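Protein chains: 2
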Amino acid sequence: MSLIVTGSIGIDTIHAPTGRADAVLGGSAIYFAAAASFWSPVRLVAAVGEDFPAELEAPFHAFDIDLAGLEKREGSQTFRWTGKYLEDMNDRETLSVELNVLAEELPPVPEAYRDSRFVFLANTHPGGQLELRSQFGRAELVVADTMDLWIENERALLEDLLRQVDGLVLNDSEALLLTGERNPVIAGRKILEMGPGFVVVKKGEHGALLVHRDGAAALPAFPAADVVDPTGAGDTFGGGMMGHVAKHGDTSMAGLVKAMAAGTVVASFNIEKFSLDRLLDLDRATIDQRLKQYAAMLNVA
Amino acid sequence: MSLIVTGSIGIDTIHAPTGRADAVLGGSAIYFAAAASFWSPVRLVAAVGEDFPAELEAPFHAFDIDLAGLEKREGSQTFRWTGKYLEDMNDRETLSVELNVLAEELPPVPEAYRDSRFVFLANTHPGGQLELRSQFGRAELVVADTMDLWIENERALLEDLLRQVDGLVLNDSEALLLTGERNPVIAGRKILEMGPGFVVVKKGEHGALLVHRDGAAALPAFPAADVVDPTGAGDTFGGGMMGHVAKHGDTSMAGLVKAMAAGTVVASFNIEKFSLDRLLDLDRATIDQRLKQYAAMLNVA
Numbered sequence: 007m008s009l010i011v012t013g014s015i016g017i018d019t020i021h022a023p024t025g026r027a028d029a030v031l032g033g034s035a036i037y038f039a040a041a042a043s044f045w046s047p048v049r050l051v052a053a054v055g056e057d058f059p060a061e062l063e064a065p066f067h068a069f070d071i072d073l074a075g076l077e078k079r080e081g082s083q084t085f086r087w088t089g090k091y092l093e094d095m096n097d098r099e100t101l102s103v104e105l106n107v108l109a110e111e112l113p114p115v116p117e118a119y120r121d122s123r124f125v126f127l128a129n130t131h132p133g134g135q136l137e138l139r140s141q142f143g144r145a146e147l148v149v150a151d152t153m154d155l156w157i158e159n160e161r162a163l164l165e166d167l168l169r170q171v172d173g174l175v176l177n178d179s180e181a182l183l184l185t186g187e188r189n190p191v192i193a194g195r196k197i198l199e200m201g202p203g204f205v206v207v208k209k210g211e212h213g214a215l216l217v218h219r220d221g222a223a224a225l226p227a228f229p230a231a232d233v234v235d236p237t238g239a240g241d242t243f244g245g246g247m248m249g250h251v252a253k254h255g256d257t258s259m260a261g262l263v264k265a266m267a268a269g270t271v272v273a274s275f276n277i278e279k280f281s282l283d284r285l286l287d288l289d290r291a292t293i294d295q296r297l298k299q300y301a302a303m304l305n306v307a
Numbered sequence: 007m008s009l010i011v012t013g014s015i016g017i018d019t020i021h022a023p024t025g026r027a028d029a030v031l032g033g034s035a036i037y038f039a040a041a042a043s044f045w046s047p048v049r050l051v052a053a054v055g056e057d058f059p060a061e062l063e064a065p066f067h068a069f070d071i072d073l074a075g076l077e078k079r080e081g082s083q084t085f086r087w088t089g090k091y092l093e094d095m096n097d098r099e100t101l102s103v104e105l106n107v108l109a110e111e112l113p114p115v116p117e118a119y120r121d122s123r124f125v126f127l128a129n130t131h132p133g134g135q136l137e138l139r140s141q142f143g144r145a146e147l148v149v150a151d152t153m154d155l156w157i158e159n160e161r162a163l164l165e166d167l168l169r170q171v172d173g174l175v176l177n178d179s180e181a182l183l184l185t186g187e188r189n190p191v192i193a194g195r196k197i198l199e200m201g202p203g204f205v206v207v208k209k210g211e212h213g214a215l216l217v218h219r220d221g222a223a224a225l226p227a228f229p230a231a232d233v234v235d236p237t238g239a240g241d242t243f244g245g246g247m248m249g250h251v252a253k254h255g256d257t258s259m260a261g262l263v264k265a266m267a268a269g270t271v272v273a274s275f276n277i278e279k280f281s282l283d284r285l286l287d288l289d290r291a292t293i294d295q296r297l298k299q300y301a302a303m304l305n306v307a
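These protein sequence lines map, in sequence, to chains X and Y. First residue of the first sequence: 7, per the working numbering; consecutive thereafter. First residue of the second sequence: 7, per the working numbering; consecutive thereafter.
Among the hints, erroneous ones may be present.
One copy or two, either will do: identical chains are not told apart, so a pair holds if it fits within one copy or between any two.
In silico SDA-like cross-links for lysine to any residue, where the CA-CA straight-line distance does not exceed 20 Å [stated by the list, open to error]:
id, residue 1, residue 2
1, Lys279, Ile192
2, Lys298, Asp28
3, Lys253, Asp172
4, Lys298, Ser179
5, Lys298, Gly221
6, Lys253, Ala307
7, Lys279, Arg188
8, Lys196, Asp94
9, Lys298, Ser102
10, Lys298, Gly261
11, Lys78, Gly25
12, Lys196, Asp232
13, Lys298, Ala260
Worth flagging that the hints you see were computed from the coordinates, not collected in a lab. Here the structure is a predicted model, which is why all the values come from computation and not from measurement.
Construct the entire structure; sequences and hints are all you get.
Right, dumping it as structure tokens:
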């Protein structure tokens, strides 16, 4: 059940009330791929620059990730992001961002990836997402992420993309921006009218909401006391969800809710340490144990 | 399994983006009692003034509520509240409040109520809650609600109360105010150190969190598109929860989570119409149908 993800890889510097991490591995694609790999092998399409340090490469080899689509581009620099979490870890400020290679042309999709059945178009310019979308005509499920920047500045292209994907994943604030609706159930329904068969609204510590042609479902976050670094929580959620879907092939509403539970639990581990550190010392048995605990917590029948 | 609630009964005027309701029935105790009565008979202790209009009395008789403790006090006026919901229905402003009878002495607890096994001390001055607490020495479970006003101004009395109750129900903003902790799991643990065996943190549209000596559990709200009037959502949640506990007598962590699910679902009906209008045309079969839907939605095992 081949799963492919396209997105960013970056060098992050993170300031948080819990500490600081300098020049660590980050970016939507690597968080997504690492999380998804606990359920399914992942094919990665992403680019870094010639400055990408060898010591940040280890995680690429620690997970079941196909690196044929990872380009180290000569003459380019890696995407860099510096962010600061405030006392309320739900709020963060971007202190600096250098797009670098992300502002250049997309890395090519290896020929061997063209038969991918499950495609995740992580957040990038919707023009790039459309171009990637066109390369996976045989895909069973194509899901996209997006952000406020594109909703505000590339609305027409984004609407074009929405007509061509099966699912959309976005934050609650982005759902409001896209639809003008504060109620995420109503916002989700409006997005369905734009094309996708389902929408997942991510609410951070408050969990996630699925709005599907067959109804709506909400899941809470796993109750977490040890939040060290929320970076990548949304990407690991998406990765766990898509990895689970690729593994089980169930895109029904009930199947997606189970996949969201997998995403919820792997994200709850990710935030326990900086960067990908917690994912690196995690195994499927530990995940399954917490998934069992999560399912038991939600057993209200 | 006798359940008693003490709290306010008021005449509310509500402005909302969805409409306006003038001089309708409100107050924590009646919302709580009506919701709880779907699971268990409820004994009510509350006072209204001589101005209380006959046309607002019907709901008292529409539910299984013992009115022996409802005092109509001559020479006093009923509590009145006027509030306005903003575009984001999570925010509300109090436009005016007249405490009236709420600022006077508490109504007496009928002798016949003294054997109540389940006691809910709805939000009022902690001095009054302590006085009521002392009248139910034989209770199996005593749960209190509180608010920012008492946390800020009557801290010592509130801490005294916390040493004498089994559970506390409060909003997330109140949990932060009480403990200085933004993470509701950590805030809940700090509250446990103050005395109660469990804490329920209400998060409105984001559901509720239980922090218990045996662990923590989160439940989402029922995904609702038709929010007309959020007034009483927290009180009906508490009522459904306590009614369920009084019915089944299960105060274990798993029992409380099931009770919270009952509260979640009855609250999701309450917000569909102004005042108690939706509860008045609701029956247990309709509640059970949605509870089944809610449990199925949360079945991620």
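What are the numbers of the hints the structure violates, in ascending order?
Hints 2, 4, 9, 11 not satisfied by this model.
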